[in-house]
Amino acid sequence: MIEKLCSITSRALLAFVLISIGFVLGKEATLRQTNQPAAQDAGTEAVAGGEFTAAEEGRRVVVYYLHASFRCITCNTIELLARTLVEEQFAHALADGRLEWHEANFQHNPAMAQRYGVASACVVITTVENGQETGFKRMDDVWTLYRNPDSFNEYIGAAIAEALAALENRSGAS
Amino acid sequence: MSWWIAVVSAFWLGVLTSISPCPLATNIAAISFIGRHLSSRRRVLLCGLYYTAGRTLTYVLLGILLAGGLLQVTGVSQFLQQYINYILGPAMIVLGMLLLGWIGGGASLHLAGDRVQKHVAEGGGIWAFVLGVLFALSFCPFAAALFFIGLIPLAIQNSSPLLLPALYGIGTALPVVLFAFLIMLSGELVGRAFNRLTVIEKYIRLTAGGVFILAGIYYSLTYIYEVL
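Taken in order, these protein sequences are the chains called A and B. The numbers in my numbering rise by one with no breaks, and the one at position 94 of the first sequence is 94. The numbers in my numbering rise by one with no breaks, and the one at position 146 of the second sequence is 146.
Derived from the structure by calculation, the hints contain no laboratory data. Not one of these hints is a red herring.
Residues from chain A shown here face chain B by an in silico Cβ test under 7 Å; the list is partial:
#  : residue
1  : C6
2  : S10
3  : L13
4  : V17
5  : A68
6  : S69
7  : F70
8  : C72
9  : I73
10 : C75
11 : Q107
12 : A113
13 : Q114
14 : G117
15 : A119
16 : S120
Which residues of chain B face chain A? A few of them, derived with a C-beta cut under 8 Å, are:
#  : residue
17 : C22
18 : A145
19 : S220
20 : I224
21 : E226
Within a straight-line C-alpha distance of at most 20 Å, the following computed EDC-like cross-link-like pairs (lysine to aspartate or glutamate) qualify:
#  : chain 1 : residue 1 : chain 2 : residue 2
22 : A       : K27       : B       : E226
23 : B       : K202      : A       : E3
24 : A       : K137      : A       : E100
25 : A       : K137      : A       : E162
26 : B       : K202      : B       : E188
27 : A       : K137      : A       : E168
Glycine included, every Cβ here is placed at the ideal spot set by N, Cα and C.
Okay, chain A solo, but in the shape it has when bound (with noise of 0.2 Å):
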């Protein structure tokens, strides 16, 4: 009875491995697909990536948080305390358009990854002119001060408001 248990035990998980596989395959083949066009698009896009489209006129600072497919604990609550910040702190900015939130999976984007370096989770704070990127800012500290909210959000917020300030400067000047 039990050898006849664990036979089909094997069985299924031989099939689970099987079918696996086969899927691995296919999301493959099937992202690589998808990734063709954005990568293409990566160097005249002002936001990379399937998940959105080309950046409309004007200036304006976008903070992404970008993940792996696996959203693990860490990454959870760097994004909490990084998305909390820019809703509470900013939300006048956020309000009128000059400051933007999003958030996107870096291993289905590859483009976006490579264009911003990114190795893990993390934040990313770019500034975008009459539709294009002009510069970008990756945050790696928030590996080493999620554990002091106060720590997070001077450093993530002292990056977004000088972002601010130098788009309005440059709006001033213009």
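With chain A fixed as given, assemble chain B onto it according to the hints.
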């Protein structure tokens, strides 16, 4: 002074990687694999050393290639986080089945020879080494951040592509090996107290196989099917 800070930091980054919740499933699997030989402390020690060697060598190789500029951090990180994690789930399921004797044994499907099954079940050090390499390469986001964003710049800054990644590797393996020893010692204690060492060892081996299969299913659902 700053050299010593770098040395301690590299080791501490490794320990942090190991004790974070992110690679918990692989660590539990490694602990159960290394600590399952209740009757032989020497075997547990050997498996622990091979596992540590597997991890350390992998990080040293990556350190040399990345710090030397032969590979690009983003590309390698992307590749490993994606493709090795695809392999991880199915590989752990197959390993678990080998540990349970469901492949290669009399009543099973004969996909692997008896020798392979016996070798894995008996716990040849080479399998602990392979496990160390596989688990070291399967970066979760937290491990990727500590290695690619924390350790590699530190190794480049201190011109130490060998020692610092090696210390990181030892740091990632040490908590696992210590826990494996604790499991082995407590199992041995209970086994001797009740005079049932062989029976308890058998159950621990079965548990190790089960842990591998469950962790394999978990990783397949997480990385391949993306449902968790």
